[in-house]
Amino acid sequence: MRVVVVGGGWAGCAAALQAKKCGADVILIERTDMLLGLGNVGGIMRNNGRYTAAEELIALGADDLFNIIEKCTRHKNIDFPGHKHADLYDVTIIEANVRRYLLSLGVDIKFETRAVDVDIEKNHINAIYLQDGQRIEGDVYIETTGSTGPMGNCIRYGKGCSMCILRCPSYGPRVSLSQRAGVEDILGMRDDGVFGAMSGSCKLDKNSLSEEIRKELDEKGVYITDVPEEDIHPEKLKMKVCQQYALKDFAEKVILLDTGHAKLMTSYYPLENLRKLKGFENVRFIDPYAGGRANSIRYLSMAPRDNTMKVVGLDNLFVGGEKSGLFVGHTEAIATGTLAGYNAVRSVMGLKCIELPPTLAVGDIIKYENEGKNNKNGLTKRYTFAGSEYFERMKNLGLYTTDIEEIRRKVKKLLIDGIFKEKLI
Amino acid sequence: MYRFVECIDAGSDFCPCHLAEKGECIICSQLQNKVFCDCLYWKGTCIYQELLNNGNKAKKNREYKKFDIVSINKIRDDLHLYEVKLTNYLVRELDNFGAFVFIKRPQHPDYFGTPISIMDVDYEKSTVTMLIKIHGVKTKDIVECSENIMLKGPYWNGIQGQRFLRNLKDTNVLILGRGVAASPGVLATRRLKINGNNIKVMLDKGRSQENACTLYYKKYGADVENINIINYKTKNLTDDFVDKIDDLINKEEVPVILTAGDDDFNRLIINYIYKRNNKIYFASVNNHIMCCGEGVCGSCQIKLSGKYIRSCKQQYNPIEYYLMEDGNR
Ligand SMILES: Cc1cc2nc3c(=O)[nH]c(=O)nc-3n(C[C@H](O)[C@H](O)[C@H](O)COP(=O)(O)OP(=O)(O)OC[C@H]3O[C@@H](n4cnc5c(N)ncnc54)[C@H](O)[C@@H]3O)c2cc1C
Ligand SMILES: Cc1cc2nc3c(=O)[nH]c(=O)nc-3n(C[C@H](O)[C@H](O)[C@H](O)COP(=O)(O)OP(=O)(O)OC[C@H]3O[C@@H](n4cnc5c(N)ncnc54)[C@H](O)[C@@H]3O)c2cc1C
Ligand code: FES
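Residue numbers (the working numbering), protein chains in the order written: chain W, 16 to 440; chain P, 1051 to 1379.
Treat the hints with care, as some may be off.
[Stated by the list, open to error] Simulated crosslink set (DMTMM-like; lysine to aspartate or glutamate; CA at most 25 Å straight-line):
1. Lys1329/P to Glu199/W
2. Lys1353/P to Asp207/W
3. Lys1084/P to Asp123/W
4. Lys388/W to Glu1100/P
5. Lys1219/P to Asp147/W
6. Lys1353/P to Asp147/W
7. Lys1093/P to Glu287/W
8. Lys1329/P to Asp123/W
9. Lys1325/P to Asp147/W
10. Lys1084/P to Asp206/W
11. Lys137/W to Glu1370/P
12. Lys1219/P to Glu136/W
13. Lys174/W to Glu1370/P
14. Lys1250/P to Asp147/W
15. Lys125/W to Asp1088/P
16. Lys1329/P to Asp207/W
17. Lys1357/P to Asp154/W
18. Lys1357/P to Asp207/W
19. Lys1084/P to Asp48/W
20. Lys1084/P to Asp200/W
21. Lys1357/P to Asp48/W
22. Lys1329/P to Glu127/W
23. Lys137/W to Asp1088/P
24. Lys1084/P to Asp134/W
25. Lys1243/P to Glu199/W
26. Lys1357/P to Glu127/W
27. Lys1325/P to Asp207/W
28. Lys1353/P to Glu152/W
29. Lys1329/P to Asp48/W
30. Lys1093/P to Asp48/W
31. Lys1093/P to Asp154/W
32. Lys1219/P to Asp123/W
33. Lys1093/P to Asp147/W
Because the hints were derived from the structure by calculation, they are not lab data. Keep in mind it's a predicted model, so treat the numbers as computed, not measured.
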């Protein structure tokens, strides 16, 4: 059985890994020269409800990626405004570690290879086409192309291309394969009714910060200072993808997190203004390169799906990560990607695809997001274990816990402990 | 079948063009009055961004300029070889697959302009060579030029299916040509040889013993053979050619074939070979009637899979064009 995964972000890596663990031959197609996509510029794990979700996935048998992340973690168990017990992985080394792992398992990764079209017959995808016309055939396909950009969307709905990690000019734009297959994309919105949302953080070159700030980042993982009065723009929060960080604190404070670079928890802070802050006199942006001016636009390309992660209206296309909904986060991408990889294999074997139980946060979010997408209000929401409305829901439903033993017991009682370790073929 | 949409000018000095300005861009969905990205073919630039950066205006079109004729060689009464001195910029830009120019006689109106392929380039002399076959009013008018000529360019859509040629390395390529349409194959040979490809050429003898491009193909190291390919009375491939081509595609790996003849020639050959080996990719010379070359006038319009396209700017898969029944167009 051949599984073709398109897009090597966290969701695509998780899907490819899971399909491989199930016993399939897996080919992973990535348009850039690196895996992990936006995962190369993130780093925050286990903050708030993500802790629970990570432990649920581990109990379900999807521990591989979390083990690698653990190995690449710079800071453990840190707090910052609105967020508790976060881990920060080192974005400068994570990609190579994940890449080595997938290669060691025999995942066939094709870098600098961009999928551009599908060959479809009725509701069945026969093959995908690459930009150079090459045809790639599989039994089942998983689209994890994310939702970022491409350039034209960042222009129309943002402030132009900011030269983010996805590097569209060099590698060509994201393509919505589900849309090419005739299934119309769903579009996320902002509070103000505009489509899309802007990424809410960026990275500063740590070496360009003062020694004092660097030291604090190295020791504590966090550095916080006040935003000068004239630079407070609470309206920027409305544009933000990351509603978990769209708190007043994030408009009034400069918050830096140490992920190898200094992660600045706000978008497009003009360089001139940023340099006025004490210790920031020499500062420069490292991602996006034009971070003082703009940031990437996301959530303009979601495929309608069921709760097994299969695309509605197509027989053999599954989705994960931002492609599959208004999910924000690495943990969210790993959860949805893993399920997509697992069910893709089951579907080819003629087995029934599974849904994760709503008594687990990872199951509930997949279901809840799908319901939310059906109305306009829901389309302005983002779904993450880490904050905003969904974390509230987790707490209300009693899904949030940091008690690892309790999570393991719960998963065991559901008789699904270790399912993601089972070889199906 | 693999269908694709590509604009030959996308990302060039002439992009964005008037089509983009008017919401008719071939590639960019944002410039087709849609409001989301669905880029059909990426060539390294975002056309939407280029248009905004250019103040929502098209870039300047190519314009006629006067150039000196260096030499004229009358190979036959109706076949003239012109060497024209151009700017370095033009020579460089015309050293590409499918390059052509529009030429006309000085003082004559623009509708005398005729598309003519570049057969060869010479960087040292800063010249290009073109082979012109006299057909009707425009070509008769052109061959009256002896000192200088009006020329506009560069245009590149003289070969369809260029994507199958561009990135080839150390590969066997077969070129099948007839008449003056074989001339763009010479420049293609030059480009392909630079990448170490192995070029075999079969040229239809037609009325002569040898196609006029033969020496030029040889100059670039192609293995050239002049045979009878088509019997134009019966509109069939000759037995001799059929034997040779069967032998070739059975014995050797020929992943790409360039057909460089008129439409009947290209159609007969592509249909014959594709039915025997559908793994072979085809490129073919572009024979559509052209007037402006800018995707505006519509004279080059053809119907492809139910849609009208402007063939002076848009690339298509020759299989898609030639395999279809005429009624389907
Ligand atoms: C600046 C920033 C900081 C963030 N910080 C955090 C954080 O600290 N913690 C957290 O949990 N989340 C964070 N997020 C969110 C999180 O990174 C994303 O939600 C998640 O990683 C999305 O993963 P994905 O796999 O769905 O998509 P992506 O990461 O976008 O991956 C999609 C991949 O598909 C590839 N692709 C696209 N089209 C094609 C094609 N046609 N052919 C081949 N390949 C293709 C892309 O190149 C890319 O590698 C951050 C996001 C941003 C932008
Ligand atoms: C991209 C391209 C490259 C070409 N390269 C060469 C070349 O290198 N050498 C060469 O001799 N000829 C070439 N031609 C063909 C040449 O342009 C025509 O033969 C010429 O325009 C005929 O004009 P006319 O007034 O002399 O004849 P007409 O009386 O107009 O027509 C005579 C014949 O030529 C065809 N034709 C007429 N006008 C055009 C036109 N604008 N475009 C295409 N075909 C036309 C007609 O279908 C007819 O069969 C090329 C055509 C194209 C499209
Ligand atoms: S020649 Fe005018 S539109 Fe093509």
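Here's how the hints hold up against the structure:
Distance restraint check for lysine 1329/P and glutamate 199/W: the Cα-Cα separation of roughly 32 Å exceeds the 25 Å cut-off, and the hinted pair is therefore not satisfied. A C-alpha spacing of about 43 Å is found between lysine 1353/P and aspartate 207/W, which places the hinted pair above 25 Å, so the restraint is violated. Proximity of lysine 1084/P to aspartate 123/W is assessed by CA-CA distance (about 36 Å); at most 25 Å being required, the pair is judged violated. Straight-line distance between C-alpha atoms of lysine 388/W and glutamate 1100/P comes to about 34 Å, which puts the hinted pair past the 25 Å bound.
Taking the CA atoms of lysine 1219/P and aspartate 147/W, the gap is near 14 Å; set against the 25 Å cutoff, the hint holds. With a CA separation close to 24 Å, the supplied pair lysine 1353/P and aspartate 147/W stays within the 25 Å bound. Distance restraint check for lysine 1093/P and glutamate 287/W: the Cα-Cα separation of roughly 34 Å exceeds the 25 Å cut-off, and the hinted pair is therefore not satisfied. For a cut-off of 25 Å, the pair hint linking lysine 1329/P to aspartate 123/W stands: about 24 Å separates their Cα positions.
With a C-alpha separation of about 23 Å, the suggested pairing of lysine 1325/P with aspartate 147/W holds against the 25 Å cut-off. For the hint pairing lysine 1084/P with aspartate 206/W, the CA-to-CA distance comes to about 22 Å; that is within 25 Å, so the pair holds. Of the pairs offered as hints, the one joining lysine 137/W and glutamate 1370/P holds, with about 21 Å between alpha carbons and a cut-off of 25 Å not exceeded. For the hint linking lysine 1219/P to glutamate 136/W, the alpha-carbon distance of about 34 Å lies beyond 25 Å, and the restraint is violated.
Of the pairs offered as hints, the one joining lysine 174/W and glutamate 1370/P is violated, with about 40 Å between alpha carbons and a cut-off of 25 Å exceeded. As the CA atoms of lysine 1250/P and aspartate 147/W are separated by approximately 24 Å, the hinted pair is consistent with the 25 Å bound. Annotation: proposed proximity of lysine 125/W to aspartate 1088/P holds, straight-line Cα distance about 23 Å (limit 25 Å). As the CA atoms of lysine 1329/P and aspartate 207/W are separated by approximately 52 Å, the hinted pair breaks the 25 Å bound.
Of the supplied pair hints, the one linking lysine 1357/P and aspartate 154/W is violated, its CA atoms being roughly 31 Å apart against a limit of 25 Å. Restraint check for lysine 1357/P and aspartate 207/W: the C-alpha separation of about 38 Å exceeds 25 Å, so the hint is violated. For the suggested pair lysine 1084/P and aspartate 48/W, the alpha carbons sit about 31 Å apart, so the restraint of at most 25 Å is broken. Under the criterion of a C-alpha separation no larger than 25 Å, the hint pairing lysine 1084/P with aspartate 200/W is consistent with the structure, at around 14 Å.
About 36 Å separates the Cα atoms of lysine 1357/P and aspartate 48/W, which puts this hinted pair outside 25 Å; it is violated. Taking the CA atoms of lysine 1329/P and glutamate 127/W, the gap is near 24 Å; set against the 25 Å cutoff, the hint holds. For the suggested pair lysine 137/W and aspartate 1088/P, the alpha carbons sit about 22 Å apart, so the restraint of at most 25 Å is met. Between lysine 1084/P and aspartate 134/W the alpha-carbon distance is near 24 Å, which keeps this suggested pair within the 25 Å criterion.
Between lysine 1243/P and glutamate 199/W the alpha-carbon distance is near 45 Å, which puts this suggested pair outside the 25 Å criterion. Taking the CA atoms of lysine 1357/P and glutamate 127/W, the gap is about 32 Å. The hint is violated against a cut of 25 Å. Restraint check for lysine 1325/P and aspartate 207/W: the C-alpha separation of about 57 Å exceeds 25 Å, so the hint is violated. The hinted pair formed by lysine 1353/P and glutamate 152/W fails the criterion: a straight-line CA distance of about 29 Å is larger than 25 Å.
For the given pair, lysine 1329/P sits about 29 Å from aspartate 48/W by alpha-carbon distance, which is inconsistent with the 25 Å threshold. Of the pairs offered as hints, the one joining lysine 1093/P and aspartate 48/W holds, with about 18 Å between alpha carbons and a cut-off of 25 Å not exceeded. For the proposed pair lysine 1093/P and aspartate 154/W, the alpha carbon gap of about 30 Å is over 25 Å, so the pair is violated. For the suggested pair lysine 1219/P and aspartate 123/W, the alpha carbons sit about 24 Å apart, so the restraint of at most 25 Å is met.
For the suggested pair lysine 1093/P and aspartate 147/W, the alpha carbons sit about 12 Å apart, so the restraint of at most 25 Å is met.
When held up to the earlier numbered hints, the structure conflicts with 1, 2, 3, 4, 7, 12, 13, 16, 17, 18, 19, 21, 25, 26, 27, 28, 29, 31 and fits the remainder.
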